[in-house]
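K.L.:
Here are the chains, one letter per residue:
2 protein chains.
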Amino acid sequence: MLGNTYRDQNCSIAAALELVGERWTLLILREVFLGTRRFDEFQRNLGIARNVLQSRLERLVEEGVLRRERYHERPERFEYRLTRKGVDLWPVLVSLMKWGDKYSAPNGAPVIMRHIGCGGEIDDRRICAACGKHLEANESMPELGPGALAAV
Amino acid sequence: MLGNTYRDQNCSIAAALELVGERWTLLILREVFLGTRRFDEFQRNLGIARNVLQSRLERLVEEGVLRRERYHERPERFEYRLTRKGVDLWPVLVSLMKWGDKYSAPNGAPVIMRHIGCGGEIDDRRICAACGKHLEANESMPELGPGALAAV
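If you read the sequences in order, they're chains X and F. Just so it is clear: in the first sequence, position 29 is 29 by the numbering used here, and no numbers are missing. Just so it is clear: in the second sequence, position 44 is 44 by the numbering used here, and no numbers are missing.
No lab work stands behind these hints, which were simulated from the structure alone. Take these hints with a grain of salt, some might be off.
The list treats identical chains as interchangeable, and a pair is accepted whether it falls inside one copy or across any two copies.
[Unchecked claim] Computed cross-link-like contacts, DSBU-like style, restricted to lysine-lysine with a CA-CA straight-line distance of at most 35 Å: (1) 102 <-> 133; (2) 85 <-> 133; (3) 102 <-> 85.
Next up, chain X with everything else stripped away, as it sits in the complex:
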């Protein structure tokens, strides 16, 4: 969380950054969009310190971006799922990804998002380049791109 000055700005960008501008938070959300749900999976995929991960997840739950759901009783174990408010951050992730693809991916995009319906590539307005449909998060699927293959 930034200082008071920052919070007091009457600005929706500042308000959004209050939450998602915290380090790691958008990468945690990226993981959730890719299907990660459990603490140990986040920890392994992100290589993030456990205490930092714990505090970020708690904050996201408090803010209503993620919800905790019990999947095991004894011992109690929870997984994290996106709420509607969380799903609505998909455009933020797509716009960051597209900018990173353009300026920080010398071997090409590591991930290509495709429209599940027709397989077309999803552009930076979240429109299918093949069929023109305006897409929602649940209509997209990630695929390894040239940048991922180059790294291997």
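Got chain X; can you put chain F on it based on the hints?
P.N.:
Chain F alone, transformed into the frame defined by chain X:
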């Protein structure tokens, strides 16, 4: 800048956050999009510490998101302008703004972005709701929204 683990991720979102995930950076860019160009204006509009502002601006220039242009010779004074790489961050700002409008603006959006050409409202895909044009940053203009008026 986050730790190495974060940098080593082969992910365009992580790469983008390496730069714009720094505190204040996206708010500095918001200011530039609104026409702010000079150090003292950034400082006044953002209420940010001068040393932090200085280091964020320097980083943005190093990374090619902003360029410095001299507007006064003695003493030398510079202003900051967006490069193409900087302008290409417009979608990130729009997506953050729209999410903040939806979830953190109880009195309505503080700012409404309009298509200069026809005055239509710009949606979260950066499409004009009135004429349907797919818009670029230089085709948009900000207008005070209900949230701004409520605050006054």
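K.L.:
If a hint holds in the structure, say so; if it doesn't, say that too.
P.N.:
Hint by hint, here is what the structure shows:
1. 102 <-> 133: both (23 Å within a copy, 23 Å between copies)
2. 85 <-> 133: both (22 Å within a copy, 27 Å between copies)
3. 102 <-> 85: Classified as both; 27 Å inside a copy, 9 Å across copies.
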